[in-house]
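Chemist: These are the residues of each chain, in order.
Number of protein chains: 2
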Amino acid sequence: MRLLWLFLAFCLAPGWALADPLPSWNGTEAKASIIEFVEAVTDPASGDYVKASDRIAVFDNDGTLWSEQPLYFQLLFAVDRLREMAEADPSILTSDSLKAAAAGDLKTALAGGEEALLDIIMASHSGLSVDAYMASVGEWLDSARHPTTGLAYSSMIYQPMLELLSYLRDEGFATYIVSGGGIHFMRAFAEDVYGIPPEQVIGSAGNSSYQVINGVPQIMKDPGIAFIDDKAGKPVAIDSKIGKRPIFVGGNSDGDFEMLEWSTAGEGPRFGLIVHHTDAEREWAYDRESHVGMLDKVLDQADAKGWIIVDMKKDWKTVFPAK
Amino acid sequence: MRLLWLFLAFCLAPGWALADPLPSWNGTEAKASIIEFVEAVTDPASGDYVKASDRIAVFDNDGTLWSEQPLYFQLLFAVDRLREMAEADPSILTSDSLKAAAAGDLKTALAGGEEALLDIIMASHSGLSVDAYMASVGEWLDSARHPTTGLAYSSMIYQPMLELLSYLRDEGFATYIVSGGGIHFMRAFAEDVYGIPPEQVIGSAGNSSYQVINGVPQIMKDPGIAFIDDKAGKPVAIDSKIGKRPIFVGGNSDGDFEMLEWSTAGEGPRFGLIVHHTDAEREWAYDRESHVGMLDKVLDQADAKGWIIVDMKKDWKTVFPAK
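These protein sequence lines are chains D and B, in that order. Position one of the first sequence corresponds to residue 1 (the numbering used here), numbered consecutively onward. Position one of the second sequence corresponds to residue 1 (the numbering used here), numbered consecutively onward.
Among the hints, erroneous ones may be present.
Said to hold, decoys possible - Here are the simulated DSS-like cross-link-like pairs (lysine-lysine), alpha carbons at most 30 Å apart as the crow flies:
| no. | chain 1 | residue 1 | chain 2 | residue 2 |
| --- | --- | --- | --- | --- |
| 1 | B | K297 | B | K317 |
| 2 | D | K244 | B | K231 |
| 3 | B | K244 | B | K305 |
| 4 | D | K51 | B | K51 |
| 5 | B | K323 | B | K231 |
| 6 | B | K51 | D | K244 |
| 7 | B | K244 | B | K231 |
| 8 | B | K244 | D | K244 |
| 9 | D | K244 | D | K305 |
| 10 | D | K305 | D | K51 |
| 11 | D | K244 | D | K51 |
| 12 | B | K244 | D | K51 |
| 13 | D | K231 | D | K323 |
| 14 | D | K107 | D | K297 |
| 15 | B | K297 | D | K231 |
| 16 | D | K244 | D | K297 |
To be verified - Label pairs and their in silico Cβ distance ranges:
| no. | chain 1 | residue 1 | chain 2 | residue 2 | range |
| --- | --- | --- | --- | --- | --- |
| 17 | B | D222 | D | D89 | 52 to 58 Å |
| 18 | B | T94 | D | E115 | 44 to 50 Å |
| 19 | B | L128 | D | L128 | 50 to 56 Å |
Said to hold, decoys possible - A few chain B residues that face chain D, going by a derived Cβ cut-off under 8 Å, partial list only:
| no. | residue |
| --- | --- |
| 20 | L106 |
| 21 | G150 |
| 22 | E258 |
| 23 | W262 |
| 24 | A265 |
It is worth saying that the hints were derived from the structure and are not from the lab. Heads up, the beta-carbon is just placed ideally off N, CA and C, and yes, glycines get one too.
Given only the sequences and the hints, what does the whole structure look like? Please build it.
Modeler: Pasting the structure below:
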């Protein structure tokens, strides 16, 4: 009996990690509503119970699980890779955008808008096998550093969101990434960094083809865009790859509007979470006017739709994981 | 001690189901090599051990998990649905193929080859929501009967393959369908019939879009083909949706050649299984000359590639499940 009391006292003591699945979240409304939702859908006695195979949680990546300023990290990778490729063969720089990008002048490079951006992505992301491409992403992640924080990109992930992913998985959820980022780019780190395996990573994709080269069967990354996993593309991709309507959705920008709308319109309990970048000191502060991660329409409709806005500054004890 | 002996005697007695994971397979080489492979890759002490998260098994559907004669069952569904739709609105029959199909004259309907076939699929598979489409497949499966066997289509599945799927899952494999069949068509029954959930069904797909209709967000099936999951499309789809090279592949036709080739060319232990339709009495006998499920190139190369050919007549005790 004394042992039992000792055990209980130990478990209930402050700082006992297992008692709090979200230790990096402040005790505000956002945290309380996440826990309330998860407890309801996992309690067989609750009217809101959802069987484990239907506990699908989807998360945007850029700005939701890791940072996206001053530009999407994949674009910074593309520029670095382009520069490296151009050193070996300058003739690949067939446009002014590509030349500017390889010279490190991103302002000029991106002046051409979406077309210029796709040009840079295409030139740096095709003409090699998926395996070779993923190896090159891995090398870049190991060596490149963010221009203002000086951190490795894969350490600019959000500790509170890592805890949320783990918490959901511990409670029987399958956690997916559904992001505008490239599928092979994200798979190069998603399992190590987020614990999300390749089959649960959904993203944009270039064309690809099956080829046997010198007797070696492989998947090649080809020029041309196969699918853009953004806006209305997100629910379409979820239907195509998961075939179930998620009950938990996390996003941070208007690119997540349709995914939030479709998922939370389903019957039964649903949770929509929006990461609002409000912390200029520890990360960045931006929303309606931002070129990267614009959050405008989603912010307007969050209240009416019952989506929970996470105020990074107020709701998170820490942003990036301790080193 | 006596109890232990009793227990052992019971377990080892012939007919003790748990002792044999593949009771509907005759004790031939095919069965032995499946079991030998599975035991090797799941034994941590074996040099061929594969960790559970990499135990990916993929199976074609038509002719591998269920029958495909006299025509792919999905095409028979398309014709039935077209006839029903034309009764309500004959103006949808905009071509001779469609008119012939709705009149039940399949020979004329399909004389136009692949174009006619896609025409029939398109007319019957678009212009409605995914939910409505899947409900219509479900109703058809409940009521329609196969023209020669008189059986429900969903009972023309292969009992030995059901056992193989269960065996692999029991041993930590994830079992996927990778088939030329339509993704939403297969999802309408794959979980009930094969125990394969929607997120593990990969197939061909028409275009689809996200739409909010009368305030209801939904995924609509649109005209046009988005992806054909056949031949070289199969490894591309596996890379896109799973992101891992399977270690176990089951197929039955030349449409599975590239998937077999790519998967079994990977490092470490790999298993390629080919269902050879040799049983005209219990099912059908066809291979090199068949319009449906042609098995020619795969048969030629099976030996050299180390793929195991399952002779339906010789290797299977039963074909369809007992009622």
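Chemist: Going back to the hint list, which numbers does this structure go against?
Modeler: 5, 13, 15, 17, 18, 19, 20, 21
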